[in-house]
Amino acid sequence: MSVKLPIYMDNHATTAVDPRVLEAMLPYFTTIYGNAASKTHVFGRQAEEGVDLAREQLARIIGASSKEIAFTSGATESDNLAIKGAAHMLRSTGKDHLITVRTEHKAVLDSHMALEREGFRVTYLGVGKDGLLSLDELRAAMTPETLLVSVMAVNNEIGVVQPLEQIGALCHEKGALFFCDAAQAVGKIPIDVEAMHIDLLAFTAHKMYGPKGVGALYVRRKNPRVRLEPMMHGGGHERGLRSGTLAVPLIVAFGKAAELAQAELPEESARILKLRERLHQGITSQLEHVYLNGHGALRMPGNLNLSFAYVEGESLLMGISDIAVSSGSACTSASLEPSYVLKALGVNEELAHTSIRFGIGRFNTEEEIDYTIRRVVEVATRLRDMSPLWEMVQEGIDLSKITWAGH
Amino acid sequence: MAYSDKVLDHYNNPRNVGSLPKSDPTVGTGVVGAPECGDVMKLQIKVNAAGVIEDARFKTFGCGSAIASSSLATEWVKGKTVEEAANLRNTDIVQELNLPPIKIHCSVLAEDAIRAALADYKAKQKA
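Protein chains in written order, with our numbering: chain R, 1 to 407; chain S, 1001 to 1127.
Worth double-checking, as some hints may not be accurate.
[What the hints assert, rightly or not] Straight-line Cα separation of at most 16 Å, EDC-like style, residue types lysine to aspartate or glutamate; simulated pairs:
id, chain 1, residue 1, chain 2, residue 2
1, R, 401, S, 1036
2, R, 4, R, 259
3, R, 343, R, 130
4, R, 343, S, 1036
5, S, 1022, R, 367
6, S, 1022, R, 395
7, R, 274, R, 368
To be clear, the hints were calculated from the coordinates, so they are not data collected in a lab.
Predicted model, so just to flag it, every value in this text is computed and none were measured.
If we strip away everything but chain R, and leave its shape as in the complex, we get (with noise of 0.2 Å):
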């Protein structure tokens, strides 16, 4: 059996235009390109019908209603916007207390520490060593003064779920908005913003299957009504939210992307999880000191995320170069610093270095699999045969015991 290559297995990056989804978006650029806010004329008018229908589709797999979803330009903008649009209208209120958590995407972090530059006080909680955060310690970390506390629902790299229903309940009990970053969890896991009490929600069309260039949040309407300063200000579109005509095309190809992820969801995730199960047995079985990093059973279906010990990640990413894969994340991995997100889970230096993350999709079949367990089983052997670590380990050397000559 052939493979086509190369292989695209880098689905947390980003994933393919699904054709379904782009076709249901070109008549929008030359037959229905109207403005959607000109409600004058048919072609606005028709725009506008677009749009309707697709935030009738992106509220609907989030348990949303459709006045809930402000369209962005992507997870970047809504992370910006829940977070410094809470903290902005929340500032008069006397609270100035917001916690996140050491393994969120740098969006979020970065818009904590801009505000902490504007004299807001940020908690950063760490997690255990599987990826999960604690919610003895969120609820420790918890003051009167907390305005917002900020989770992400599938880690980007590691792919664990954190326990989003009980880390909602939690911030209502103590009145706290939660905000959470779903940009890897929407469409492949099930969200459900009343069952998990989520009062602004992060998303993005081209990790589902959608173009880039769109995303949306989610901004409760009662219970609590969360009101937002908005980042952008302009014409009021998006009821004064985030002014900026609305990418029509792009919006109704997000609609349909959610659509289609919705209805495929129960299916489709099975079959992810399989696949995923294949490679990491398919590695394992025939590799030793391999580790998985975050937790084994709590993670989105299409993430493995593995240390391969001796072998350094990016040697093996030059060895596997006819399959796309990451190492750590693309966000972080043009800097010479291991991941962050590894270090937090205490991982120790050495592994962050040797890790690599697979990120499996709707268009992943098991040749392709099976062909990156070859390839991967094939490159890590050789590599580790020149690896001076391996021979020293090989040799009974307890390599924490050497003093090493760094520089």
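Given the structure of chain R, go ahead and fit chain S onto it with the hints provided.
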């Protein structure tokens, strides 16, 4: 990161991978770097009675550029006298492999490995 053709060549066909007997008095061994920094190089030389390096071997844990730098280093020291080998500079490796700035430390490590192997050999000769 785009790798130069020479880095790719050394990565895919590394020269002189392996080990020489550490306890042999004519063998010098240098181990530099640290696992938590993401690269460790072991470079070994075997010196004949005339003071010429007649064999060299390496093993490297590190990125493609680190593997290429150490592979190239073993190629270059072979056939050189101990004195000549001490004159090899990391900048020569950078130039030959066309390393980008972010990978210059790989060449520094290779130079350090050569020096460490030479120092080990010299220490053994004195003993």
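### Numbers of unmet hints, in rising order
2 and 5
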